[in-house]
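Protein sequence lines, in the order shown, are assigned to chains A and B.
Using the working numbering, the first residue of the first sequence is number 1, and each one after it goes up by one.
Using the working numbering, the first residue of the second sequence is number 1001, and each one after it goes up by one.
Bear in mind the hints are in silico, worked out from the structure with no lab data behind them.
Watch out, some of these pointers could steer you wrong.
[Claimed, not checked] In silico lysine-lysine, DSS-like type, Cα no more than 27 Å apart, as pairs:
no.	chain 1	residue 1	chain 2	residue 2
1	B	Lys1591	B	Lys1670
2	B	Lys1090	B	Lys1080
3	B	Lys1065	B	Lys1042
4	B	Lys1242	B	Lys1210
5	A	Lys17	A	Lys91
6	A	Lys53	A	Lys6
7	B	Lys1450	B	Lys1481
8	A	Lys54	B	Lys1591
9	B	Lys1076	B	Lys1087
10	A	Lys37	B	Lys1664
11	B	Lys1042	A	Lys53
12	B	Lys1080	B	Lys1316
13	B	Lys1404	B	Lys1558
14	B	Lys1250	A	Lys53
15	A	Lys53	B	Lys1670
16	B	Lys1210	A	Lys6
17	B	Lys1268	A	Lys54
18	A	Lys54	B	Lys1065
19	A	Lys6	B	Lys1076
20	B	Lys1397	A	Lys54
21	A	Lys6	B	Lys1250
22	A	Lys6	B	Lys1065
23	A	Lys17	B	Lys1259
24	B	Lys1076	A	Lys37
25	A	Lys37	B	Lys1250
26	B	Lys1090	A	Lys6
27	A	Lys53	B	Lys1268
28	A	Lys59	B	Lys1065
29	A	Lys37	B	Lys1087
The model shown is predicted, which means the values in this text are computed figures rather than measured ones.
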Amino acid sequence: MNLLTKYEEILLISIYKLGDEAYGARLKRYIFEVTGKDWNYGNLYCTLDQLVKKDYISKTAGDPTPERGGRSKHFFRLTVSGVKILNESMKMNYALWDGLMELAPGKR
Amino acid sequence: MKDKKTKPPGFLFWLIRQIALQGEEHSLSGDIEEDYYYYAEKRGRFYAYIMCWSQVFRSFFSFSKYYFYGSTGMIKSYFKIAFRNIKRNKMYSLLNMLGLAVGMACSILILLYLQYEFSFDRYHKNADNIYRVARELHPGHSHGGKTKAASTPVQLKDALIAECAEVKNGVRIVSRSNRLLVYRNKSYLEDNIIFADPDFFNFFSFQLMKGDPNIVLKDPASIVLSEDMAEKYFGNEDPVGKVINFNNAKDVVVTGIMKNVPANSHFKMNFTVPLVNVIDQNSSYSWGNNMVLTYISLREGADPGELEDKFPSLFKKHYREDENSTDRTYVNHFTQPLTKIHMYSDLDGELSNNNDIRTVLIIASIAFLILIIACINYMNLATARSVQRSREVGVRKVVGAQRKQLIRQFFSEAAVFTFLALVLSGVLVILVLPFFNNFVDRELSLSLIKNARFLLSVSAVTAVVILFAGSYPALFISSFKPVVVLRGSLSGKSKGSVLRNILVVFQFSISIMLIISTFVVKDQLSFLRNTDVGYTKDQVVIINLRDRNVSRNLEAVKTELKRSPDVIAAGSSSFLPYGRFSQTQPNFPGKPEDFENFDVYVGRVDHDYVDLYDIKLADGRNFSRDFPSDKQAAFLFNESLANRLGWDPAVGKEYMHWGRKKGKVVGVMKDFHFHTLHRGIEPMYLFFEEGMNFYYLSVKIKGTNIPGTMEYLQEKMRGFSPNYPFEYSFFDEVFDRAYRTEIRMEKIFSVFAYIAIFVACLGLFGLASFTAEQKTKEIGVRKVLGAGASNIIILLSKEFTKWVLFANLIAWPASYFIMNMWLRNFAFRTNISIDLFLLASGIALFIALLTVSTQSVKAARTDPVKSLKYE
């Protein structure tokens, strides 16, 4: 039973959702838009590296573009095991959050 | 769309390349650039600039964490555990931290000191290109024991500027003291006066608060005062334009006020006067007349070595052209960088007493050693507690921790420790700084730390401490095998005790060495103080004679002084004991052509000097009023001179001083030490000459009422010379000044010895208490079986004393060797007696036992019931 850390989970979901646009700066912007948290690049790339090491995502090089001063991007895609673990995580989250709306303090 | 101007800065990308993960540098750089344009469109270039920098900055820490720990999650737990461990063993932690803090405080102070010392003279704008020209002296012509001199010919500066392309500019300096300055009712005898060429203030960067640097020294009758002097003479008035009388000779106008010379300068002056006042432009000086100090500035990129290569031909040419110059063999001249003068230069004629790089290096190495001792403490204490931690390590390994992670954990602990120790050492430094300043005779302040290089060095020291001190526990404890450890077979005997004991030995060797060195230096100092110098120096006051009126009138002065019964005798001389004597070569009628010259020292005395100091005569008589011919020329040789010349008997032989004073040798003095005991007794003679100025009046007084006698002397001297201050020294003070280096060395060694022993004992204390704790069960059993308190104490102490005694094996030969080398500086030295070694080791042993005993007594008194209860 391997649990994803929260950072890893957020990142995997974002990669899945962004599809072909899943590269560094885009991911960072997306996460900020959705969660409101401003990740720093260190966090981003280190977590990406961890996910690659665990074989949940794969990395491909893209074409250089002028907007980036002629540098290429690395695109990330979920691997089979990545999708699997994300599914497990989603199921677990649904199971836990089932029936709960806004939590009220003091109750139970 | 995007023109070149709106691109983000290139330096940013270099930084990104340094910190990004391998393989992702390009990607990250591209991301940052993309972000830059995004932000730029949103809120403009400046906003984008700031945002990108903050992104990079924040990423830095995350990347670092990942590098060190391989994960971004575990670090917090490491620090939590580190803090918990510290709290749990409050006493050990405190001891350990204190030891580290002391070691680091020493290093920080030394770093401050080094930084300051090496910063001398660097504030001058052109400092890197400024050099001083100096010369070597002929062997046999050494001055005051030194083989090189800073004084150079008067015409050198102009010749260098004209004939050498490398030299851009130059300035000549002459330093004088003892000039009387008078303004209205304020008159003072001033030292620290500099005579300099007119472009002095353009050449150096001494700031002028008032006055234009191009013209302040133009007029010969001008003077520039320092801030402090301006206040001293003029108070709140504006000094510019006022007239001061200089040296009873000339009136000079104040043309400028200079900011006080910064403390980190190799020369400091209160008054600056144009050079023409001592160097007459019209008269010609021979190239053999070395009267000035010459500072030159080289053009950018010029090589001082190439300039030095030009010296031989330049000098030889001018010697030949110069009619007044004797046909002398060339002496080597060389250049000294301005910034190196303070630390490395020790020439005859230095403007002030410079520092010595060797002393500085010694102090730095001792501080470094103390830091090592402190780190060893940490290692010892940390591994001694390894039994406690072994179970933790076993459990961690069982649940899947890799050795790498454990190593990281222990390094984190070392880091937490070290940072806390760093804070503590900061407090120590602040507290100790005034005493340290006193100790090294400087005014270091905390503002000096506000520069990148210093903070970088401190960080480097911290990092080294963490790595060094943390390495042994990290590697050692993390290597425990879970099976062995959890089975419990480790408890009862601390693992790794061999290495730990070696470390204790090392710590105590260093401490004992420092104690022995302190004793040897103390011993040598007391030897210097008490050894028979061949004359009597008790109860002697030496008065400085600066007023020419007084020194011309000495017979009357002496008679007047002797009216008091407290004054036993008075005699005058041209020299101060232990001080500088003039030097020359022997000269006498009929001196053979092939005579081998040697250095002879010369002094001038009056009739009463020899008797006042009780200098014994081996032959002949003292100068005497009964022989009026003495006044013309008479000589007193010392035995060494007579023997060296091979004159036996010497009395009655004719001798010449400087080729112009012919007379007879009237007596031979038994050898006495007129130099410090660093040197042997060299050939020397005294001669008498009336009408010459003497500089010092020695007065022998009765010791019964010293304050009263001093008041009497002051009154009388003031009577003869109302304008001049009454300056005197007791003979002991003269001694202290002459042996200043040795006295300082004694202080240095003793302070360091205290610190080293303190830190070593901290470590020992921790180890001892730990061992006692380990052995509680054993002690409990022994007590039950009938052991008394003393047996327990002996049991616990035995282990440690063994190692302290062992430390002697290293300390004794090492200190003997080092101290012998130091003693070779002295022609006359004390024997290093075995007593010192025994005493030092005894002290170390005693302190160690004391430290250990506190713990062993506590252990011996514990109730066996308590210690055996838990099984």
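Under the criterion that the straight-line Cα-Cα distance not exceed 27 Å, is the pair Lys17(A), Lys1259(B) satisfied?
70 Å, violated
Assess, step by step, whether the Cα of Lys54(A) is no farther than 27 Å from the Cα of Lys1591(B), and give holds or violated.
99 Å, violated
Next pair to validate is Lys1076(B) with Lys1087(B); report whether the Cα-Cα distance is within 27 Å.
Roughly 17 Å between the alpha carbons, so the hint for Lys1076(B) and Lys1087(B) holds.
Are Lys37(A) and Lys1087(B) close enough, with their CA atoms no more than 27 Å apart?
Status violated; Cα separation ~35 Å.
Run the distance test for Lys1210(B) versus Lys6(A): straight-line Cα separation, threshold 27 Å.
69 Å, violated
When you check the alpha-carbon spacing of Lys6(A) and Lys1076(B), does it fall within 27 Å?
16 Å, holds
Would you mind confirming whether the straight-line C-alpha gap from Lys1242(B) to Lys1210(B) stays at or under 27 Å?
At roughly 13 Å apart (the allowed maximum being 27 Å), Lys1210(B) and Lys1242(B) satisfy the hint.
Starting from Lys1090(B), check that the Cα of Lys1080(B) is at most 27 Å away, please.
Since the Cα atoms of Lys1090(B) and Lys1080(B) sit roughly 15 Å apart, the hinted pair holds (cutoff 27 Å).
Pair hint outcome, Lys53(A) versus Lys1670(B) [Cα-Cα no greater than 27 Å]:
This hinted pair is violated, its Cα atoms lying about 91 Å apart.
Checking one constraint from the list: CA of Lys17(A) to CA of Lys91(A), max 27 Å. Satisfied?
Cα-Cα ~17 Å, so holds.
Below or equal to 27 Å on CA atoms is what counts here, so check Lys1250(B) against Lys53(A).
With a Cα-Cα distance of about 89 Å, the restraint between Lys1250(B) and Lys53(A) is violated, given a limit of 27 Å.
For the pair we were handed, Lys37(A) and Lys1250(B), check the Cα-Cα distance against 27 Å.
Between Lys37(A) and Lys1250(B) the Cα gap is close to 81 Å, so the pair fails against 27 Å, i.e. violated.
Violated hints, in rising order: 3, 7, 8, 10, 11, 12, 13, 14, 15, 16, 17, 21, 23, 25, 26, 27 and 29; the structure is consistent with all others.
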